[in-house]
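Going line by line, the protein sequences match chains A and B. All the letters of the first sequence, read from the start, carry residue numbers 1 to 452 under UniProt numbering. All the letters of the second sequence, read from the start, carry residue numbers 1 to 452 under UniProt numbering.
There may be inaccurate statements among the hints.
[As the list claims (entries may be wrong)] Far from chain A by the CB rule (all over 10 Å, computed), these chain B residues: (1) Glu92; (2) Leu133; (3) Thr198; (4) Val212.
[To be verified] Lysine to aspartate or glutamate pairs mimicking EDC-like chemistry, simulated, CA-CA at most 20 Å apart: (5) A:Lys199 x B:Asp5; (6) B:Lys199 x A:Asp169; (7) B:Lys199 x A:Glu53; (8) B:Lys418 x B:Glu173; (9) B:Lys199 x A:Glu168; (10) A:Lys199 x B:Asp169; (11) B:Lys199 x A:Asp172; (12) A:Lys199 x B:Asp240; (13) A:Lys199 x B:Glu168; (14) B:Lys418 x A:Asp172; (15) B:Lys199 x A:Asp162; (16) A:Lys418 x A:Glu222; (17) A:Lys199 x B:Asp7; (18) A:Lys418 x A:Glu223; (19) A:Lys418 x B:Asp7; (20) B:Lys418 x A:Asp7; (21) A:Lys418 x B:Glu9; (22) B:Lys199 x A:Glu349; (23) B:Lys418 x A:Asp5; (24) A:Lys199 x B:Glu166; (25) A:Lys418 x B:Asp220.
[As the list claims (entries may be wrong)] What follows is a list of derived Cβ distance ranges for each label pair: (26) A:Ile40 x B:Asp243: 21 to 31 Å; (27) A:His38 x B:Arg126: 55 to 65 Å; (28) B:Arg356 x A:Ala311: 30 to 40 Å; (29) A:Leu450 x B:Arg356: 52 to 62 Å; (30) B:Arg356 x A:Asp36: 28 to 38 Å; (31) B:Gly8 x A:Asp241: 15 to 25 Å; (32) B:Arg356 x A:Ala6: 19 to 29 Å; (33) A:Ala6 x B:Ala150: 26 to 36 Å.
Derived from the structure by calculation, the hints contain no laboratory data. Model, not experiment: these values are computed from the prediction. The beta-carbon is built from N, C-alpha and C at its ideal position, and this holds for glycine as well.
2 protein chains.
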Amino acid sequence: MAVRDADGEIAAPFLQAVSEAVEAGDGAALRALCADRHEIDIADILEMLDQDERPLFVALLGEDFDYAVLTEVDDTVREQIIEALPNEAVAEGVRDLESDDAVYILEDLEAEDQAEILARMPAVERAVLRRSLDFPEDSAGRRMQTDLIAVPPFWTVGRTIDYMRESEDLPDEFYEIIVVDEQFKPVGTVALNRLLRTKRPIPIETIMDPDVQSIRADLDQEEAARVFERYNLVSAAVVDDHDRLVGVLMFDDIVDVIQEEAEEDIRGLAGVGDEEISDTVAYTARSRFTWLFVNLATAILASGVIALFDATLQQMVALAILMPIVASMGGNAGTQTMTVAVRSLATRELAGYNIRRFATRELMVGLINGVLFAVIIGVVAATWFTNVQLGAVIAAAMIVNLFCAGLFGIAIPVGLDKMGIDPAIASTVFLTTVTDVVGFFAFLGLATVLLM
Amino acid sequence: MAVRDADGEIAAPFLQAVSEAVEAGDGAALRALCADRHEIDIADILEMLDQDERPLFVALLGEDFDYAVLTEVDDTVREQIIEALPNEAVAEGVRDLESDDAVYILEDLEAEDQAEILARMPAVERAVLRRSLDFPEDSAGRRMQTDLIAVPPFWTVGRTIDYMRESEDLPDEFYEIIVVDEQFKPVGTVALNRLLRTKRPIPIETIMDPDVQSIRADLDQEEAARVFERYNLVSAAVVDDHDRLVGVLMFDDIVDVIQEEAEEDIRGLAGVGDEEISDTVAYTARSRFTWLFVNLATAILASGVIALFDATLQQMVALAILMPIVASMGGNAGTQTMTVAVRSLATRELAGYNIRRFATRELMVGLINGVLFAVIIGVVAATWFTNVQLGAVIAAAMIVNLFCAGLFGIAIPVGLDKMGIDPAIASTVFLTTVTDVVGFFAFLGLATVLLM
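Looking at chain A on its own, in the form it has when it is part of the complex:
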């Protein structure tokens, strides 16, 4: 029976069969369908099952369920499954995993459950996981794998290969070995292909690359991702604050981090929190409420600015008709600048040395587009309301607002970044407040002075 259809989606008949086996509590049928499937297939199936079927699915598969699957599903789905399973089963399932996968599953659990699951594990594995969990959230120490190959520089290639052949407790996958001194500090790395291409009697230190890009275990995972990207690393040694080797970061964890961080910025800019597509209505509504509430406050502030000019509006209703155009154009132009600034700050492309150059460019762009759109909207407004002065007023307001949009589009994210606040999360609110207030004030203010 095919798991996936032609489009690469889980096939409906397969899902149907799984669902029926789960509902019937038929472990044998479920194992026949799902044992030995790739973990990503099982993860996709889990997400497509109903909420109450998921823990049943895991329980029915029993020892044939690979807990690594839980690192591939949405956070919400994972937490819900773990919650529903007995801690004993989780402890049993997690102890077979690589340490980074185990930490990934354990770190978001409630302290009590986490402690109980750890207590049920053998002492050595418990100690390893505790150490990883002691590092700050989202740090390299949380993402690292602790199974690794470290050898001293004086070993030969032959001895190293023999050691790897004889060791039982090797990581599933690794691409380089780490060379450490007597204090377990990394002094070099050897790519496996180098090792393969070298004769057995050669000492490791003559073929190692001494340029080790070690990563501190307490470094934020986003910073660690920059190091990987910058040097195109496949793995990197992770060290404690005495520079001693404690683990290895692998490229696939870093791919997830890069994806997550870009995702966070996109969501931050749109005012969506850490919600996932499988979250409930209640959770989603609550998480979005805050942002909308802040937006309501700023919209009321902008309305307060309009209210200052109620006498003017009363006399000339055309102003009410045209005023959203000025505000909207400012908001959009500002968002363009802000988005480029936020992402360039996140990827470190925008830094001390080029902020002035970038700011100059953005102000020039704001001015040029301000003038162009001033001409267009000026002509449109003058024609529409057969009033040349009205056209002149909206044109002037457009220049002012697009220039301010450029100015604040860069000043807000850079300022937030300097204050240590993530610019992706707070920039949009401040920016639209500025472009609305400036837009309404410039347009209605100029109209009051020049047309009344």
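Knowing the structure of chain A, use the given hints to seat chain B on it.
Using the frame of chain A, we list chain B on its own:
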């Protein structure tokens, strides 16, 4: 002399020294400063130099300049440097590169320059690059590396290792070898660590992983990235349309693709094109103009809706003061839904099977938040203008607009996706048009019917 300061930025004195050496045309001094530096350091230095210093820098370094550096700089910077250098020098520099890096540099050149550079290269290298360049832009074939290790299944581990030791033309870095049949079709892969841990007389076919995730050369790089992410691949065989092995995709190229694609979505949503931080004012202003122009058209459309109610506005200026609140809240709520939809579509988390579930959730969220904010703004408006009916009207309009925001926040990106249009690029314009038009129409229309 330190290249980087404590913050990891290129140190100002170092940059100063490089710049002076370039201005003085002092190749020896420049080589002393820059030869043997990591390519990422040289790339950062190149970006920080003035535009006219960059080609001089490359020319002065001569053979000590590693053209792989050009794959690490902004597109604009790369094109400007290549443009300024003689084609002969580029041909010389590019022929030493791995094929994927060479293609990356050549693919954006003008057809004439590209042909001339290719003509100056040795026949074998030229044929390899031509084949890669024949694949569509942004396809796996463009990103693949053509240096690879492929062996038949009946070879032993020992023979494979000997072959790797003796071959001259191996890729710089590789993590697995590909097993091919007599027609050069991939039938398995062997991770290098597996090879190292196996005794010499064992045949390759007994240790190979027969579950090859081959990628078609004409597959879009974004789809290829999904395969890598899904199966946590470090590399993947690339095959032509007869399933024959033509190259290998490496994880580091895929990391760049993932980063680029997320970047494209962020920029698309904000109406920023493919501009880079080093682009000129003229280019940037032009590229943003289009989006702002479309936005102007939709803003004028929304003003046209307001103009329908000019008699109502004339009688009650409070409506002009309050109307931007309804439109703004709709725009923000819709953007939240739309952003989640766009990203979930891009990562294939949102697909046929769960669109209905997602749509239901979004409509419920829109309704719940619509009611909550209706109450809040209703009370605020009624109090501000001491007019309970006005409060009721804005409350009703808020519910209508937030529900529509949820509806169109999902319908627009899903609809565009079905039509084969990238939802990231076009969704925002359509959505704000809907939320503005519905917002103004609902609020002013209800006011006209109920308050006049």
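Hints and how they fare:
1. For Glu92 (chain B), the shortest C-beta to C-beta distance to chain A comes to about 24 Å, beyond the 10 Å cut-off, and the non-interface label holds.
2. Every CB of chain A is more than 10 Å from the CB of Leu133 (chain B) (nearest about 23 Å), matching its label as outside the interface.
3. A beta-carbon of chain A is positioned within 10 Å of the beta-carbon of Thr198 (chain B); the least distance is around 8 Å.
4. Every CB of chain A lies more than 10 Å from the CB of Val212 (chain B), the least distance being 13 Å, so the non-interface label holds.
5. Of the pairs offered as hints, the one joining Lys199 (chain A) and Asp5 (chain B) is violated, with about 40 Å between alpha carbons and a cut-off of 20 Å exceeded.
6. At roughly 18 Å between alpha-carbon atoms, Lys199 (chain B) and Asp169 (chain A) fall within 20 Å of each other, so this suggested pair holds.
7. Taken as a hint, the Lys199 (chain B) and Glu53 (chain A) pair is broken in the structure, with Cα atoms around 46 Å apart against an allowance of 20 Å.
8. Distance check on the hinted pair: Lys418 (chain B) and Glu173 (chain B) sit about 40 Å apart at the alpha-carbon level, beyond 20 Å; violated.
9. Proposed proximity of Lys199 (chain B) and Glu168 (chain A) is supported: the alpha carbons are some 16 Å apart, at most 20 Å.
10. Pair hint Lys199 (chain A) plus Asp169 (chain B) holds up; C-alpha atoms about 18 Å apart against a cutoff of 20 Å.
11. As the CA atoms of Lys199 (chain B) and Asp172 (chain A) are separated by approximately 18 Å, the hinted pair is consistent with the 20 Å bound.
12. For the proposed pair Lys199 (chain A) and Asp240 (chain B), the alpha carbon gap of about 36 Å is over 20 Å, so the pair is violated.
13. Straight-line distance between C-alpha atoms of Lys199 (chain A) and Glu168 (chain B) comes to about 16 Å, which keeps the hinted pair within the 20 Å bound.
14. At most 20 Å may separate the alpha-carbon atoms for a hinted pair to count; Lys418 (chain B) and Asp172 (chain A) exceed this at roughly 40 Å.
15. For the hint linking Lys199 (chain B) to Asp162 (chain A), the alpha-carbon distance of about 10 Å falls within 20 Å, and the restraint holds.
16. With a CA separation close to 17 Å, the supplied pair Lys418 (chain A) and Glu222 (chain A) stays within the 20 Å bound.
17. With a CA separation close to 41 Å, the supplied pair Lys199 (chain A) and Asp7 (chain B) exceeds the 20 Å bound.
18. The suggested pairing of Lys418 (chain A) with Glu223 (chain A) holds, with an alpha-carbon distance near 17 Å, which does not exceed 20 Å.
19. At roughly 14 Å between alpha-carbon atoms, Lys418 (chain A) and Asp7 (chain B) fall within 20 Å of each other, so this suggested pair holds.
20. Of the pairs offered as hints, the one joining Lys418 (chain B) and Asp7 (chain A) holds, with about 14 Å between alpha carbons and a cut-off of 20 Å not exceeded.
21. About 16 Å separates the Cα atoms of Lys418 (chain A) and Glu9 (chain B), which keeps this hinted pair within 20 Å; it holds.
22. Restraint check for Lys199 (chain B) and Glu349 (chain A): not satisfied, since their Cα atoms lie roughly 48 Å apart, outside the 20 Å limit.
23. Note on Lys418 (chain B) and Asp5 (chain A): the hinted pairing holds, with a Cα-Cα distance of about 18 Å set against a maximum of 20 Å.
24. Between Lys199 (chain A) and Glu166 (chain B), the direct Cα distance comes to roughly 11 Å. Compliance with the 20 Å bound is thereby established for this hinted pair.
25. In summary, the hint linking Lys418 (chain A) to Asp220 (chain B) is not supported, as the alpha carbons are separated by about 39 Å, beyond the 20 Å threshold.
26. Distance hint check: the CB atoms of Ile40 (chain A) and Asp243 (chain B) are about 23 Å apart, consistent with the given range 21 to 31 Å.
27. Judged by the Cβ atoms, the range 55 to 65 Å given for His38 (chain A) and Arg126 (chain B) is violated: they are separated by roughly 40 Å.
28. Between Arg356 (chain B) and Ala311 (chain A) the beta carbon distance is about 52 Å. The supplied range of 30 to 40 Å is therefore violated.
29. Distance hint for Leu450 (chain A) and Arg356 (chain B): a CB-CB separation of about 55 Å, consistent with the stated range 52 to 62 Å.
30. Restraint check, Arg356 (chain B) to Asp36 (chain A): a C-beta distance of roughly 32 Å satisfies the suggested window 28 to 38 Å.
31. Under the hint 15 to 25 Å, the C-beta atoms of Gly8 (chain B) and Asp241 (chain A), about 19 Å apart, fit the expected range.
32. About 21 Å separates the C-beta atoms of Arg356 (chain B) and Ala6 (chain A), a value consistent with the hinted range of 19 to 29 Å.
33. The hint said 26 to 36 Å for the Cβ distance between Ala6 (chain A) and Ala150 (chain B), and at roughly 29 Å that hint holds.
Of the numbered hints stated above, those contradicted by the structure are hints 3, 5, 7, 8, 12, 14, 17, 22, 25, 27, 28, listed in ascending order.
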